[in-house]
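With the hints as constraints, model all of the structure from the sequences given.
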Amino acid sequence: VAVTNPEKVGLCPRLCSQTSLAMFRSKVFSVRRRYSDFLGLYEKLSVKQSLHGCIVPPPPEKSVVGMTKVKVGMDDPSSVEFVERRRAALERYLQRVVSHPSLLQDPDVREFLEREELPRAVSTQALSGAGFLKMINKASDAVNKMTIKMNESDTWFEDKFQEVENEEQQLRKLQAVVDSLVNHRKELCGSTALFAKSMAMLGNSEDNTALSRALSQLAEVEEKMEQLHQEQAASDFFIFAELLADYIRLLAAMRGCFDQRVRAWQRWQEAQSTLQKKREAEAKLLWANKPDKLQQAKDEITEWEARVTQYERDFDRIGMTVRKEVLRFEKEKAKDFRSQLVKYLDAMLQSKQRLVKFWEAFLPEAKAIA
Amino acid sequence: MRSCYGLICGCGALWDVVSALPLQPRAVNVDLQTDATLQVDISDALSERDKVKFTVHTKSTLPNFKQNEFSVVRQHEEFIWLHDSFVENEEYAGYIIPPAPPRPDFDASREKLQKLGEGEGSMTKEEFTKMKQELEAEYLAIFKKTVAMHEVFLCRVAAHPVLRKDLNFHVFLEYNQDLSVRGKNKKEKLEDFFKNVVKSADGVLVAGVKDVDDFFEHEKTFLLEYHNRVKDASAKSDRMIRSHKNAADDINRIASSLYTLGTQDSTDLCKFFLKVSELFEKTRKIESRVAADEDLKLADLLKYYLRESQAAKDLLYRRSRALVDYENANKALDKARAKNRDVLQAETSQQLCCHKFEKISESAKQELIDFKTRRVAAFRKNLVELAELELKHAKVTMT
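In order, the protein sequences belong to chains A and B.
For the first sequence, UniProt numbering assigns the number 1 to the initial residue and increments by one for each residue that follows.
For the second sequence, UniProt numbering assigns the number 1 to the initial residue and increments by one for each residue that follows.
Hints are computed from structural coordinates only; laboratory data are not their basis.
Warning: the hint list may mix true and false statements.
Straight-line Cα separation of at most 25 Å, DMTMM-like style, residue types lysine to aspartate or glutamate; simulated pairs [claimed, not checked]:
| hint | chain 1 | residue 1 | chain 2 | residue 2 |
| --- | --- | --- | --- | --- |
| 1 | B | 392 | B | 120 |
| 2 | B | 132 | B | 50 |
| 3 | B | 245 | B | 192 |
| 4 | B | 285 | A | 207 |
| 5 | B | 112 | B | 192 |
| 6 | B | 313 | A | 207 |
| 7 | B | 125 | B | 265 |
| 8 | B | 275 | A | 187 |
| 9 | B | 231 | A | 168 |
| 10 | B | 395 | A | 231 |
| 11 | A | 173 | B | 300 |
| 12 | B | 245 | A | 330 |
| 13 | B | 275 | A | 168 |
| 14 | B | 275 | A | 330 |
| 15 | B | 132 | B | 107 |
| 16 | B | 392 | A | 226 |
| 17 | A | 333 | B | 370 |
| 18 | B | 51 | B | 192 |
| 19 | A | 324 | A | 43 |
| 20 | B | 271 | A | 223 |
| 21 | A | 186 | B | 293 |
| 22 | B | 199 | B | 84 |
| 23 | A | 352 | A | 207 |
| 24 | B | 392 | A | 360 |
| 25 | B | 285 | B | 325 |
| 26 | B | 245 | A | 242 |
| 27 | B | 231 | B | 300 |
| 28 | A | 367 | B | 370 |
Label pairs and their in silico Cβ distance ranges [unchecked claim]:
| hint | chain 1 | residue 1 | chain 2 | residue 2 | range |
| --- | --- | --- | --- | --- | --- |
| 29 | A | 190 | B | 278 | 29 to 35 Å |
| 30 | B | 103 | A | 169 | 42 to 48 Å |
| 31 | B | 392 | A | 231 | 20 to 26 Å |
All C-beta atoms in this analysis are idealised placements derived from N, C-alpha and C, irrespective of residue type, glycine included.
Here it is as structure tokens:
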């Protein structure tokens, strides 16, 4: 399965995507999608798939401030950054969706990738991706509080859940630090630029010509360093910070899966208790000797028996899917983290190499000061 | 406080390291003619709660001293006293007085240590030891810097052909007991403040007087501009280095976070995390060393020349002042001659002023030329070292 490649066209969030897949009608095709389309896709998928215990990757969050800036047409660097960030995040989102074997089979996904014009997903206006997640979480919390606490027969799930929570916490901490690093690097950029200018002025007023030249050279080197710092900050951000943010969201989605399983269990238990009540009602009717109501009671009992078996099977199935999903997720995560961190370290290495070149060029100038 | 104590005790151990290093005048200035007749250095330094004690070690073949080699213990205030005695001495009006070393300032470090002590509960043991080590390293760096600054001051005095003969200087070097120079009390500080205000106002007036001598006129404009630009550059370099240090701190925290993540489990991913954490740790060490080196070679250089150019400006000011006095004396003489009263008095005072002015002009010329040579040499040395260090560190990072 190959890669989708969003590009930005114009100021509105229209995106082109290009796919080349075997099962699709043509080899390479592209469609234009709006951000709300992505959200719509996510909603459809989560409604359907999460019932089965699949982990549905969440899309990047809606950002009112960012989008208004872009729409208004302000051309400052922060809005450019925002668009780039949005693009990269959407690309990653789609790649995750497409690399999930069962999600790929989903007709909605196919439609999303293939159809020329999608009906405008109106419901996403009110519900953003993040809002939706929050709703799920809140609902599940409420449900948990209301109904019976699940007694976990399978310790695997309990352990995993604990692990997931721990990991999410750790990642959040790490994310905070990386954010701080990005900020400080941006600061370093700014102050290096100011310093370079100041050095240039100093070089101007120095009357010894060799020293003056050397100082101007130093100013130039510092300007180049500023460039390096800026690139490093971008790499910090786009590679490292975004990776962490994605995984924090994915871990939250995973927790959602676990919750789904718990809910399935609860449904099963409730069905069982209803069955029990029906049986008691039947017993009472037998005792009270009302034959007409008895038939109805017997019908209800069979119905509920069927339901109980159904729910039990559902629960088991969800359990299995969740297990599979978790394992798959962990493999993906290991791969992802590894490749991204390697990319990040490569970028650092490259910038160091360029730093060496700059200073090597400066050294003879410094030595030439008489 | 418990933790401060610990640092000072710790500093006792650290300071052994400091004393083991061959403390040469390695700092900003270079090309000081260190000849055997008079060699001064700071062989030792001890940091106590709120003061630093320097051991000034002198080696001399001059007859004025009782022995050939001796040491005394001096505190910062005594350095300041020596500097001020030079400034106030009329005889030295024609020389650039080496700028006084800045007060040893461990406040920022102490604050950080306090914060660390308070936050001890909220971080893991490894993080705590790491941060403590870092703080100790920072403390040591500041300590070394202040020792270097004081030493440079003494070496400059010793290298100056006239100042080295000063009696106060000899007393400073030799007198075994405490010089009991109390720091200036409030009244004296206030007097100083007013003196400075008058001086700067005066300086503006005097600066307006165009100089007859082209050399001095050129020097005046040059110095004014240079001084301002050095001030600016010094401030900006400080900010840059601080940002650099902050970034290095962040990398440190990232390294510890990754380490915690890595120790959660023993999967491949966790082993990878541990490796990456190590790498970040190494990067951080190097980045902080880079920042420290930039600080030493660049920021300190700029700060030192800020002070030196101020001293040179002071010299020019004194000369202009003498010129104005001379011109006033001339006018007074003319008036006296016209009225034919107190002519002799006016003549003597005019002679004095003329003499003073000429003496100052002569020595000032030489001083300023020396200043230029020294400055160029110092910049060269430091810039070369800076470039070499940056290269060295970058190459180490790449391996």
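Going through the hints against the structure:
For a cut-off of 25 Å, the pair hint linking residue 392 of chain B to residue 120 of chain B is broken: about 36 Å separates their Cα positions. Taking the CA atoms of residue 132 of chain B and residue 50 of chain B, the gap is about 20 Å. The hint holds against a cut of 25 Å. For the hint linking residue 245 of chain B to residue 192 of chain B, the alpha-carbon distance of about 37 Å lies beyond 25 Å, and the restraint is violated. At most 25 Å may separate the alpha-carbon atoms for a hinted pair to count; residue 285 of chain B and residue 207 of chain A exceed this at roughly 38 Å.
Taken as a hint, the residue 112 of chain B and residue 192 of chain B pair is broken in the structure, with Cα atoms around 33 Å apart against an allowance of 25 Å. Proximity of residue 313 of chain B to residue 207 of chain A is assessed by CA-CA distance (about 17 Å); at most 25 Å being required, the pair is judged to hold. The hinted pair formed by residue 125 of chain B and residue 265 of chain B meets the criterion: a straight-line CA distance of about 19 Å does not exceed 25 Å. At roughly 28 Å between alpha-carbon atoms, residue 275 of chain B and residue 187 of chain A are farther apart than 25 Å, so this suggested pair is violated.
Simply put, residue 231 of chain B and residue 168 of chain A have alpha-carbon atoms about 48 Å apart, too far for the 25 Å limit, and the pair is violated. Our distance criterion of 25 Å between C-alpha atoms is met by residue 395 of chain B and residue 231 of chain A, whose separation comes to about 19 Å. Restraint check for residue 173 of chain A and residue 300 of chain B: the C-alpha separation of about 36 Å exceeds 25 Å, so the hint is violated. At roughly 36 Å between alpha-carbon atoms, residue 245 of chain B and residue 330 of chain A are farther apart than 25 Å, so this suggested pair is violated.
For the hint linking residue 275 of chain B to residue 168 of chain A, the alpha-carbon distance of about 21 Å falls within 25 Å, and the restraint holds. Between the alpha carbons of residue 275 of chain B and residue 330 of chain A the distance comes to roughly 19 Å, so the proposed pair stays at or under 25 Å and holds. Taking the CA atoms of residue 132 of chain B and residue 107 of chain B, the gap is near 16 Å; set against the 25 Å cutoff, the hint holds. At roughly 20 Å between alpha-carbon atoms, residue 392 of chain B and residue 226 of chain A fall within 25 Å of each other, so this suggested pair holds.
For a cut-off of 25 Å, the pair hint linking residue 333 of chain A to residue 370 of chain B is broken: about 66 Å separates their Cα positions. Proposed proximity of residue 51 of chain B and residue 192 of chain B is supported: the alpha carbons are some 23 Å apart, at most 25 Å. Between residue 324 of chain A and residue 43 of chain A the CA atoms are separated by roughly 22 Å; this keeps the pair inside 25 Å, and the hint holds. Restraint check for residue 271 of chain B and residue 223 of chain A: not satisfied, since their Cα atoms lie roughly 38 Å apart, outside the 25 Å limit.
The hinted pair formed by residue 186 of chain A and residue 293 of chain B meets the criterion: a straight-line CA distance of about 21 Å does not exceed 25 Å. For the proposed pair residue 199 of chain B and residue 84 of chain B, the alpha carbon gap of about 15 Å is at most 25 Å, so the pair holds. Simply put, residue 352 of chain A and residue 207 of chain A have alpha-carbon atoms about 34 Å apart, too far for the 25 Å limit, and the pair is violated. Distance hint between residue 392 of chain B and residue 360 of chain A is fulfilled; the C-alpha atoms sit about 10 Å from each other, no more than 25 Å.
Between the alpha carbons of residue 285 of chain B and residue 325 of chain B the distance comes to roughly 58 Å, so the proposed pair goes past 25 Å and is violated. At most 25 Å may separate the alpha-carbon atoms for a hinted pair to count; residue 245 of chain B and residue 242 of chain A meet this at roughly 24 Å. Our distance criterion of 25 Å between C-alpha atoms is met by residue 231 of chain B and residue 300 of chain B, whose separation comes to about 12 Å. Simply put, residue 367 of chain A and residue 370 of chain B have alpha-carbon atoms about 20 Å apart, close enough for the 25 Å limit, and the pair holds.
Here the CB-CB span from residue 190 of chain A to residue 278 of chain B is close to 31 Å, well matched to the stated 29 to 35 Å. Residue 103 of chain B and residue 169 of chain A have their C-beta atoms about 45 Å apart, which keeps the hinted 42 to 48 Å range intact. Checking the proposed 20 to 26 Å range against residue 392 of chain B and residue 231 of chain A shows it holds: the Cβ atoms sit about 23 Å from each other.
Going down the numbered hints, you'll see the structure goes against 1, 3, 4, 5, 8, 9, 11, 12, 17, 20, 23 and 25, while the others check out.
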